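Novice: Chains as they are written, first to last, in this note's numbering: chain A, 1 to 305; chain B, 1 to 296.
No lab work stands behind these hints: they were computed from the structure. Quick caveat: nothing in here was measured; it's all calculated off a predicted structure. Built from N, CA and C at the ideal position, the CB exists for glycine as well.
For the chain B half of the interface with chain A, some residues (derived, Cβ under 10 Å), not all of them:
(1) Leu-33
(2) Gly-37
(3) Gly-106
(4) Ala-108
(5) Met-116
(6) Ala-122
(7) Met-128
(8) Thr-169
(9) Met-177
(10) Ile-220
(11) Ala-257
(12) Phe-262
(13) Met-282
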Amino acid sequence: MTATVQSTGRQRAATPAPRKPYRRAKRRSTTLTLLTSLVAIYSLVPLIWLVINATKTPEGLLDSFGLWFDDGKFALFDNIKQTFTYDDGAFVRWLGNTLLYVVAGAGGATLLATLGGYGLAKFDFVGKRGVFATVIGAVAVPGTALAVPTFLMFSKMNLTNTPWSVIIPSLVSPFGLYLMWTFSAQAIPDEMLEAARIDGAGEFRTFFRVSVPLLGPGIVTVLLFTVVATWNNYFLPLIMLKDPSWYPLTIGLNTWNDQAQTVGGQAVFNLVITGSLITILPLLAAFLLLQRYWQSGLAAGSVKE
Amino acid sequence: MAVQQLAVRRRRRSFRGWQFVGPFMLVFALVFLAPIGYSIYLSLYKDRLIGGNAFVGLDNYTQAVQDAQFWSGFGRVALFLVVQVPIMLVLALLVALAIDSGRLHGKAFFRVTIFMPYAVPAVVATLMWGFMYSNQFGLVGNINDALNIKLPEPLGADLALASIGNIVTWEFVGYNMLIFYSALRVVPASLYESAEIDGAGAFRIITAIKLPAIRGALVIATIFSVIGSFQLFSEPAIMRPLARNVLTTDYTPNMYAYSLSFAGQQYNYAATVAIIMGVITMVIAYVVQLRGTREK
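Start from the sequences and build out the full structure, keeping to the hints where you can.
Specialist: As structure tokens, this is what we get:
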């Protein structure tokens with residue numbers, strides 16, 4: 001409890017606050033812990049299944065019990081090696097593509113959402129209400145409603161089957177905009193902006209010097225969520241890309257999985273499973289390592305008390 | 001004079017605000033507004049064998065209204081929405097309240113573990129659950145062999161939608177839990193203290209203080225879940241090879257629109273289906289927002 005409370009606002013952590021006497025040491029409840037454990041087990045079982053089965057040979061996948069290791073055969077390293085080399089190293093290419101889409105797409109989306117959210121929170125301007133209504137309304141339109149016409153538009157612009165067709169639509173994150181809006185409204189005191197303006201600083205200078213440092217947890221949060229969105233994107237690249245050399249990991253893994261269904265195709269379930277494990281590890285690691293930042297970022301208003 | 005100054009300042013500000021919002025709105029216009037406009041345009045035309053591309057007014061819409069394939073898919077996602085979304089959100093809320101209550105052993109562990117599936121791509125989540133569901137080398141098959149019984153097939157006609165609901169729940173319980181938990185943490189502790197002094201019990205504090213305080217988060221999570229349900233695509237589409245007869249190409253409206261355009265080349269009709277779904281989604285999202293913010 002103490003640790004998380006302190007991590008809610010970096011400002012508070014930075015200035016050593018006088019120690020507050022801790023109000024209530026609540027009695028821990030075993031029943032409640034057990035009940036919550038059920039949900040935790042539910043969340044963990046598929047991941048445990050994935051880790052265990054990444055260690056199995058193709059035969060082991062068929063013969064052994066799903067939630068335990070295959071006796072005597074530990075094929076994890078073989079599987080990893082095969083995953084990276086199978087099909088002329090297709091997995092490595094897909095990993096590279098995913099990284100490209102994530103860096104350009106999520107990076108750009110975070111920048112645009114931060115600027116936009118800050119603008120909405122700290123300025124009064126013509127059409128501001130319209131912006132919010134439009135963004136919320138547009139989010140409700142199903143993916144395919146946009147995907148089909150976007151595909152047709154992009155193909156007229158000769159953008160389909162290029163990285164741009166995946167990167168450009170990823171640049172817009174309505175959720176990121178919303179989060180940065182509420183976060184900016186609460187994390188940046190108007191007086192600080194007024195002071196900077198009176199000192200004669202331009203708007204962008206004020207933004208980068210005064211506001212960005214205060215927006216740290218919010219920016220990390222939006223970045224993580226847009227990274228997840230682009231790393232996990234399936235539908236958009238599915239329609240935009242025909243050439244397997246531009247596939248991201250998600251599409252690539254699915255084509256490996258479908259391979260078993262095609263006539264004469266080789267079943268490579270062990271590689272699908274190992275590849276899946278490798279695909280999710282970077283994101284899980286990022287979430288675990290950056291916990292402090294994104295959890296305080298999500299509690300958008302936690303700074304004010 | 002003073003009034004004039006104020007007016008000048010306000011006008012200048014309006015320009016300054018757009019400096020920041022402009023880049024977002026520019027890309028937004030390109031990838032959201034333009035395609036929406038384009039699909040409205042598409043939905044009013046039809047590609048005919050004779051005469052080529054012709055304006056047909058609302059013909060496509062009349063066709064969609066009478067299209068049994070479309071409505072069966074719609075019924076499916078509506079059922080999904082009515083059953084899966086409440087289960088997922090209530091579960092998420094209960095976990096958030098449990099973690100927030102401060103009465104758990106190891107609450108940081110729970111918070112992170114339950115959130116983890118969110119970081120797993122829908123493709124990987126679906127592949128994993130698909131493997132586990134399968135009779136051949138999945139957990140269901142293992143259980144059948146071990147106990148010498150025959151469990152109903154998770155991807156059979158009766159259970160397929162529930163099995164998909166399970167995958168979606170697994171993916172998003174933690175995400176929604178985190179939204180609720182973050183909102184709960186912002187509630188000032190002084191409120192609880194005074195309630196305790198007034199003799200309010202834990203249940204009363206939840207209903208009288210915590211739930212009203214996170215109303216905004218509840219509304220947002222509900223709207224996002226409604227949108228997600230109506231857009232159901234990846235999970236059934238990826239599992240299709242495991243059960244082609246059950247998970248048909250028109251299983252959800254989104255899959256229907258996809259197969260219309262990319263298998264059938266019927267771009268105009270696909271756009272119509274997508275617009276109808278978009279309008280229904282917006283109406284429901286709007287009603288949720290209205291109801292969620294009206295009381296109080």
